[in-house]
Structure formats: C-alpha cells, structure tokens
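Asker: Each residue of the sequence shown is one higher than the last, beginning at 1 in UniProt numbering.
It cannot be assumed that every hint is accurate.
EDC-like mimics (lysine to aspartate or glutamate), calculated; alpha carbons at most 20 Å apart, straight line [said to hold, decoys possible]:
1) 39 with 92
2) 39 with 57
3) 78 with 11
4) 39 with 13
5) 39 with 62
Taking CB as the label site, the calculated pair distances span [to be verified]:
6) 113 with 63: 31 to 37 Å
7) 45 with 124: 19 to 25 Å
8) 109 with 69: 14 to 20 Å
9) 59 with 81: 37 to 43 Å
10) 124 with 37: 19 to 25 Å
11) 84 with 123: 22 to 28 Å
12) 76 with 115: 17 to 23 Å
13) 17 with 110: 32 to 38 Å
14) 43 with 19: 14 to 20 Å
If you are wondering where the hints come from, they were derived from the structure by calculation, not from laboratory data. Heads up, the beta-carbon is just placed ideally off N, CA and C, and yes, glycines get one too.
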Amino acid sequence: MSDEQERYCIEVDVDPAYVADQSDPAEDRYVFSYTITIKNLGAVTAQVVSRHWVITDGSGHEREVRGEGVVGEQPRIKPGEGFRYTSGAILETPVGSMHGSYHLVAEDGTVFNADIPAFTLAVPHTLH
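Work out the full structure, taking the sequences as your base and the hints as a guide.
Answerer: Have a look at this one:
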C-alpha cells in the first residue's frame, strides 16, 4: 500500500436484511434495510460529502442514486473512528444487489472516493 493509500484509507462494511413486515410480494414490493459502517483506517480526518449507488434488481434493471452525504448528514470521521447508519431500498424482485462509492474530502483538502463493495439483497431462502 502506498503512503497516499495509507493516508486516505476508508473501509466500508455492509449488513443487509430483508424487512418482511414492510414488504408485499403480491405487489412485487420487497423492502430491504442495510446497515453501513464507514471506518477511517487512514491518517487524516475525512468527511463524507456525497454518495453514489447502483441498485440492480433480479431482472437486471439498474437505477442510480446520487446525493449529498448519508441519511441527511455529512459525517466527519477521525482516524481510527467510524460512522454507522441504516438505510433502505425497495425492489420489485426478491433478489437484487447494490454497490457504489462515497465521495470524501480529507481535512488537508484531498478529494478521494471510497468504494462500497457489491452486496446482495435477497429474501431469505431465495438463494441457495
């Protein structure tokens, strides 16, 4: 890992879940929540200024979502600390996936992105 990568290192962990009580399979409505933990493993404080998501349903239809911050905030994350939030997505199929990136600005003015690894959204027992 280069010095720059060590200086600006963000790790993103995702924990998705199916929300059965808000879903209506008869109406092709499948609700999922996901809890994200953004960890600053770098050497400088960084602020999440925007996000970009690519959401793909089981039929291969993609939609992109871009917006400022996360859940209405633009958290500043100090080295060694993290920020956790929960959000959600609604799909028309029982299986889908999401991936994307966060756009961050370090306290020294450096602008960089942190990838959000692809994760699966699936009604339990849909995938084997």
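Asker: None of the hints should be skipped; say for each whether it holds.
Answerer: Now for the hints, and whether the structure bears them out:
no.	hint	result
1	39 with 92	31 Å, violated
2	39 with 57	28 Å, violated
3	78 with 11	13 Å, holds
4	39 with 13	8 Å, holds
5	39 with 62	27 Å, violated
6	113 with 63: 31 to 37 Å	20 Å, violated
7	45 with 124: 19 to 25 Å	39 Å, violated
8	109 with 69: 14 to 20 Å	19 Å, holds
9	59 with 81: 37 to 43 Å	39 Å, holds
10	124 with 37: 19 to 25 Å	22 Å, holds
11	84 with 123: 22 to 28 Å	24 Å, holds
12	76 with 115: 17 to 23 Å	20 Å, holds
13	17 with 110: 32 to 38 Å	34 Å, holds
14	43 with 19: 14 to 20 Å	38 Å, violated
This entry does not satisfy hints 1, 2, 5, 6, 7, 14, going by the numbered hints stated previously.
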